[in-house]
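Engineer: At position 719 of the sequence shown (counting the first as 1) the number is 719 in UniProt numbering, and the numbers step up by one without a gap.
Please note: incorrect hints may appear among the correct ones.
[To be verified] Derived Cβ-Cβ restraints for the label pairs, each shown as a range:
#1 400 / 748: 24 to 34 angstroms
#2 489 / 702: 40 to 50 angstroms
#3 376 / 488: 23 to 33 angstroms
#4 376 / 215: 37 to 47 angstroms
#5 489 / 400: 26 to 36 angstroms
#6 474 / 393: 40 to 50 angstroms
#7 561 / 658: 39 to 49 angstroms
#8 551 / 489: 20 to 30 angstroms
#9 800 / 630: 25 to 35 angstroms
#10 532 / 393: 34 to 44 angstroms
#11 803 / 749: 41 to 51 angstroms
#12 854 / 381: 24 to 34 angstroms
#13 880 / 803: 13 to 23 angstroms
#14 749 / 668: 36 to 46 angstroms
Please keep in mind that the hints were generated in silico from the structure rather than gathered at the bench. Even glycine gets a Cβ: it sits at the ideal position worked out from N, Cα and C.
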Amino acid sequence: MAAAASPGLCGLCLLLLVTLLPNAVGTSCCFQAKDNSVCREVCEQILTSKSESRLKHLLQRAPDYCPQSMTEVWTCMNSSLPGVSKKSEAWVGLGCCELAIAVECRRACKQASSTNDISKVCRKQYETALLSCINRNEMGSVCCSYAGRHTNCREYCQAIFRTDSSPGPSQIKAVENYCASISPTLVQCVNNYTQSYPMRNPIDSLYCCDRAEDHSCQAACKRILMSKKTETEIVDSLIEGCKTMPLPQDPLWQCFLESSRSAHPGATVAPPPSTGLDGAKLHCCSKASSSVCRELCTKLYSTSWGNTHSWQDFDSICEYNPLEVSMLTCLADVREPCQLGCRNLTYCTNFNNRPTELFRSCNAQSDMGALNDMKLWEKGSIKMPFMNIPVLDIRKCHPEMWKAIACSLQIKPCHSKSRGSVICKTDCVEILKNCGDHSKFPDSHTAESICEQLSSTDKPEDCIPLYIYLRSSPLDNTVEEVTHPCNPNPCPAYQLCEVNRKGCLPGEPCLPYFCTQGCKLGEASDFLVRQGELIQVPSGDVGCYKICTCGQSGILENCMEIQCVDIQKSCIAGGQRKNHGTSFKIDCNICSCVAGTLRCSNRQCLNELSSEDDRTLFTGLPCNCADQFVPVCGQNGRTYPSACIARCVGLLDHHFEFGQCSSKDPCNPNPCPRSQRCIVKRQVCLTSFEKFGCPQFECISRQLKCDYSQDPVCDTENAEHGNLCTLYQRGKQLSYKGSCQPFCKSVEPVCGHNGETYNHLCNAYSDRVAVDYYGGCQDVGVFSHHNLHTECSSVQCPHIPVEGYKLVTPPGACCPLCAGVLRILFDKDKLDIFAKATSKMPITVLDILQKIRLHVSVPQCDVFGYLSMESELIVLIVPVDSHPKSIQIDACNKEAEKINSLINTDSPTLASQVPLSALITSEVEVSSPLKSGCNRISASLCYIYLCVAISYAFFHS
Numbered sequence: 001m002a003a004a005a006s007p008g009l010c011g012l013c014l015l016l017l018v019t020l021l022p023n024a025v026g027t028s029c030c031f032q033a034k035d036n037s038v039c040r041e042v043c044e045q046i047l048t049s050k051s052e053s054r055l056k057h058l059l060q061r062a063p064d065y066c067p068q069s070m071t072e073v074w075t076c077m078n079s080s081l082p083g084v085s086k087k088s089e090a091w092v093g094l095g096c097c098e099l100a101i102a103v104e105c106r107r108a109c110k111q112a113s114s115t116n117d118i119s120k121v122c123r124k125q126y127e128t129a130l131l132s133c134i135n136r137n138e139m140g141s142v143c144c145s146y147a148g149r150h151t152n153c154r155e156y157c158q159a160i161f162r163t164d165s166s167p168g169p170s171q172i173k174a175v176e177n178y179c180a181s182i183s184p185t186l187v188q189c190v191n192n193y194t195q196s197y198p199m200r201n202p203i204d205s206l207y208c209c210d211r212a213e214d215h216s217c218q219a220a221c222k223r224i225l226m227s228k229k230t231e232t233e234i235v236d237s238l239i240e241g242c243k244t245m246p247l248p249q250d251p252l253w254q255c256f257l258e259s260s261r262s263a264h265p266g267a268t269v270a271p272p273p274s275t276g277l278d279g280a281k282l283h284c285c286s287k288a289s290s291s292v293c294r295e296l297c298t299k300l301y302s303t304s305w306g307n308t309h310s311w312q313d314f315d316s317i318c319e320y321n322p323l324e325v326s327m328l329t330c331l332a333d334v335r336e337p338c339q340l341g342c343r344n345l346t347y348c349t350n351f352n353n354r355p356t357e358l359f360r361s362c363n364a365q366s367d368m369g370a371l372n373d374m375k376l377w378e379k380g381s382i383k384m385p386f387m388n389i390p391v392l393d394i395r396k397c398h399p400e401m402w403k404a405i406a407c408s409l410q411i412k413p414c415h416s417k418s419r420g421s422v423i424c425k426t427d428c429v430e431i432l433k434n435c436g437d438h439s440k441f442p443d444s445h446t447a448e449s450i451c452e453q454l455s456s457t458d459k460p461e462d463c464i465p466l467y468i469y470l471r472s473s474p475l476d477n478t479v480e481e482v483t484h485p486c487n488p489n490p491c492p493a494y495q496l497c498e499v500n501r502k503g504c505l506p507g508e509p510c511l512p513y514f515c516t517q518g519c520k521l522g523e524a525s526d527f528l529v530r531q532g533e534l535i536q537v538p539s540g541d542v543g544c545y546k547i548c549t550c551g552q553s554g555i556l557e558n559c560m561e562i563q564c565v566d567i568q569k570s571c572i573a574g575g576q577r578k579n580h581g582t583s584f585k586i587d588c589n590i591c592s593c594v595a596g597t598l599r600c601s602n603r604q605c606l607n608e609l610s611s612e613d614d615r616t617l618f619t620g621l622p623c624n625c626a627d628q629f630v631p632v633c634g635q636n637g638r639t640y641p642s643a644c645i646a647r648c649v650g651l652l653d654h655h656f657e658f659g660q661c662s663s664k665d666p667c668n669p670n671p672c673p674r675s676q677r678c679i680v681k682r683q684v685c686l687t688s689f690e691k692f693g694c695p696q697f698e699c700i701s702r703q704l705k706c707d708y709s710q711d712p713v714c715d716t717e718n719a720e721h722g723n724l725c726t727l728y729q730r731g732k733q734l735s736y737k738g739s740c741q742p743f744c745k746s747v748e749p750v751c752g753h754n755g756e757t758y759n760h761l762c763n764a765y766s767d768r769v770a771v772d773y774y775g776g777c778q779d780v781g782v783f784s785h786h787n788l789h790t791e792c793s794s795v796q797c798p799h800i801p802v803e804g805y806k807l808v809t810p811p812g813a814c815c816p817l818c819a820g821v822l823r824i825l826f827d828k829d830k831l832d833i834f835a836k837a838t839s840k841m842p843i844t845v846l847d848i849l850q851k852i853r854l855h856v857s858v859p860q861c862d863v864f865g866y867l868s869m870e871s872e873l874i875v876l877i878v879p880v881d882s883h884p885k886s887i888q889i890d891a892c893n894k895e896a897e898k899i900n901s902l903i904n905t906d907s908p909t910l911a912s913q914v915p916l917s918a919l920i921t922s923e924v925e926v927s928s929p930l931k932s933g934c935n936r937i938s939a940s941l942c943y944i945y946l947c948v949a950i951s952y953a954f955f956h957s
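Please take these sequences and the hints and turn them into a complete structure.
Structural biologist: Below you can see the structure in the form of structure tokens.
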């Protein structure tokens with residue numbers, strides 16, 4: 001059976017012989033490749049391999065090293081292949097292990113050699129994603145091995161098996177185009193897989209309905225897709241409901257038919273971009289403290305052919321290493337991001353009704369996992385990765401404490417700043433002293449030495465204090481005031497859930513959430529990014545990235561490399577060396593080291609050693625500018641209180657003009673062509689306006705063809721329109737986005753935190769700007785929080801209907817708020833790179849706020865913000881109710897703390913998104929309760945910070 005016929009035939013013959021031939025007859029034929037040492041080595045590995053999956057891998061790669069002209073070698077190998085042993089050193093399912101929900105299942109998967117090895121540990125009803133991935137990998141390994149050494153064919157084949165979504169027609173067509181002449185068997189194998197794949201859920205195409213131009217067609221489309229099952233039923237019903245035939249030029253039909261139509265025979269398809277095994281986890285590898293863990297992490301998540309030894313090395317060296325907390329926390333954020341709220345648990349009931357606390361894994365699987373752990377521990381031993389801990393009968397020795405431990409380890413509260421899931425050392429030592437079987441402790445260990453390995457800290461920011469969960473939540477009757485529409489996720493698999501903040505049209509079903517299509521960051525990734533979004537994914541070496549778009553087919557596309565970041569470069573600050581990514585304070589400024597460049601905020605600091613004269617002259621404003629209000633408008637679209645402050649932040653005199661930006665009319669004179677009309681579009685740009693501009697207007701066609709999407713806006717005559725396009729089509733002027741509000745009919749000017757005067761409250765909110773005070777901004781001066789200024793006494797602040805809280809005053813503001821306030825330092829150079837590499841358009845404050853808004857999961861809280869006069873991005877997370885409950889205030893505080901933590905840890909939750917990955921470091925201040933004790937119902941803060949003495953008295957009783 002010669003291999004010279006075709007390269008694909010070599011792999012085919014070998015693969016067929018794997019299951020047909022009995023024992024090996026030796027490796028003598030490999031000597032015939034003596035002039036090609038690489039081929040000889042591969043040959044010997046093939047003929048001595050005892051691993052089925054390893055053998056398949058070698059067979060797939062062999063044509064790359066042994067040319068088809070070496071017919072004698074191929075013939076000899078074909079006749080000398082060994083049978084396949086069941087024991088495997090590596091297997092194709094290894095790359096799927098990170099999809100396991102249970103820790104025990106993940107560990108068993110990494111040590112397995114076949115699917116059978118994990119079936120005893122991994123429960124089928126919970127581990128569907130894992131088992132589906134393994135099945136796909138096994139099928140893909142067989143099919144794609146027929147590609148031989150033809151790289152393009154193999155890559156297109158592997159793309160078919162990289163996603164749980166039904167492969168698109170363009171993917172299937174690409175396999176046919178590139179592989180038909182190479183291996184008909186491969187094409188047939190892929191066809192068998194794709195034809196047996198279940199039809200895509202019709203609900204997955206709901207977003208297509210918004211493309212219909214007629215509103216009645218939109219409503220009919222949504223109704224049909226949610227009620228009909230087969231494609232024939234759906235098509236027939238759409239024709240009847242929309243009164244249109246399925247024409248390819250119609251936007252609705254074009255979108256809906258995309259998954260079922262065939263690609264043009266002559267079309268060429270770009271190779272699918274590789275994000276590795278899991279692009280989200282690759283983000284975390286750069287956070288490793290040691291080069292060993294960094295290399296292991298990169299190896300595991302950048303290839304689908306990892307090996308058992310690599311996983312075991314990672315587990316033993318890195319997985320439980322306290323020095324690797326940054327990397328491990330990052331990996332935990334990818335697997336299970338912290339989410340607000342916990343409810344509906346049947347075993348860990350003390351964790352229920354906690355709407356203002358963060359948890360990684362509040363779900364039925366973890367609830368049952370805790371119950372299973374308790375049953376295992378009752379046998380007298382707690383199995384840990386590095387030792388087994390013998391214990392007494394936990395059914396009699398502090399059973400409630402053991403239950404709290406089991407539930408904490410499974411539900412994983414995120415109370416700590418590090419967001420780790422370890423219990424505090426004091427709790428660990430106490431429970432092992434009382435309930436550990438000391439006579440069986442391994443290697444003369446004590447309770448203290450064991451707990452030193454499990455949890456070496458008692459700091460509240462680094463561990464979970466268990467006393468919180470020894471009793472049920474005190475909030476049983478108030479949880480309705482804070483809701484979590486997306487927790488648990490109500491959307492179909494591989495769709496993201498977003499809070500519905502727009503409302504619904506009358507007569508339409510109104511859900512508190514939207515389901516949006518998403519893309520996975522890798523073939524074994526469960527991490528989703530939003531369709532249409534720009535995504536940053538690692539590329540090659542650590543610190544190198546590319547930007548891709550999440551396409552409608554569910555895969556990343558249009559990728560482009562961007563400049564690498566040298567993470568080895570450090571900074572010198574205050575005489576000390578700071579590593580890349582380190583954040584710290586210099587005087588009152590927040591700073592961070594970014595690839596050897598020191599980036600700091602621009603606050604004016606008052607030195608404690610300053611003389612009395614210096615203190616008297618100190619204003620607290622940038623460059624100690626005079627406390628006066630003579631506003632200027634910068635070319636970045638930001639109003640600065642004075643020319644002095646504008647110069648201090650780097651603007652030259654020709655970069656600004658006197659007067660507030662809102663007083664300028666960017667459409668006079670008209671900058672647009674005669675066929676277009678000029679529309680005012682104010683924005684504050686964070687990118688370099690010298691490179692990308694910062695236009696305060698947009699030109700739109702006078703002949704607009706509008707759709708009927710629901711995104712209401714209000715015009716200057718207080719009339720509401722379905723969307724912005726409809727308003728412009730009717731020749732009206734935009735007053736603000738959102739439905740018209742009765743209290744905004746009259747013109748009552750307000751001053752926003754951004755230094756702009758707005759006609760009314762709704763106008764400010766439309767720009768995502770919260771109101772500082774009533775009246776025009778020129779009515780008062782600029783305020784520094786370092787000193788008391790008499791100007792504030794003349795300001796009419798909005799009424800705060802909440803008592804018992806210490807309020808927060810945002811930077812540069814006069815009036816306090818009940819909110820969580822973030823002061824964020826951003827990397828302007830990185831934003832410039834994003835702008836240059838993508839749309840060539842400026843990135844604005846509103847762009848950042850809209851992306852952050854998607855990460856606020858509580859509908860009772862909303863996001864506002866502005867660029868401060870110190871060039872920090874200020875983000876406010878504020879209760880939206882006119883009379884917010886204390887539990888809602890606490891929920892907004894927790895949302896602010898969550899966002900703050902994601903920024904400071906460079907979590908992939910934000911770091912994978914453009915432009916949020918340019919946020920460097922952050923500080924947070926929240927509205928804290930003034931009252932002490934537990935006599936008020938204020939979310940969980942009062943309960944969490946119970947008097948330690950009382951709590952431990954209960955624990956020790």
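Engineer: All hints are to be evaluated individually against the structure, with a verdict given for each.
Structural biologist: Now for the hints, and whether the structure bears them out:
Range check, residue 400 to residue 748: about 57 angstroms between beta-carbon atoms, so the 24 to 34 angstroms window is missed. Distance hint for residue 489 and residue 702: a CB-CB separation of about 44 angstroms, consistent with the stated range 40 to 50 angstroms. Between residue 376 and residue 488 the beta carbon distance is about 26 angstroms. The supplied range of 23 to 33 angstroms therefore holds. At about 57 angstroms, the CB distance of residue 376 to residue 215 disagrees with the hint of 37 to 47 angstroms.
Taken as a hint, the range 26 to 36 angstroms holds for the pair residue 489 and residue 400, whose Cβ atoms sit roughly 31 angstroms apart. Against the hinted window of 40 to 50 angstroms, the Cβ-Cβ separation of residue 474 and residue 393 comes to about 32 angstroms, which falls outside the hint. Checked against the hint of 39 to 49 angstroms, the pair residue 561 and residue 658 passes, with Cβ atoms roughly 44 angstroms apart. Judged by the Cβ atoms, the range 20 to 30 angstroms given for residue 551 and residue 489 holds: they are separated by roughly 22 angstroms.
For residue 800 paired with residue 630, a C-beta distance near 30 angstroms keeps the hint of 25 to 35 angstroms intact. Hint check: residue 532 to residue 393, Cβ distance near 57 angstroms, so the stated range 34 to 44 angstroms is violated. Roughly 29 angstroms separates the CB atoms of residue 803 and residue 749, a value that falls outside the hinted 41 to 51 angstroms. Evaluation of the 24 to 34 angstroms hint for residue 854 and residue 381 yields a failure: the beta carbon distance comes to about 45 angstroms.
The hinted window of 13 to 23 angstroms between residue 880 and residue 803 holds, with their beta carbons roughly 19 angstroms apart. Checked against the hint of 36 to 46 angstroms, the C-beta distance between residue 749 and residue 668 comes to roughly 21 angstroms, which is inconsistent with it.
Of the hints listed earlier, those the structure fails to meet are numbers 1, 4, 6, 10, 11, 12 and 14, in rising order.
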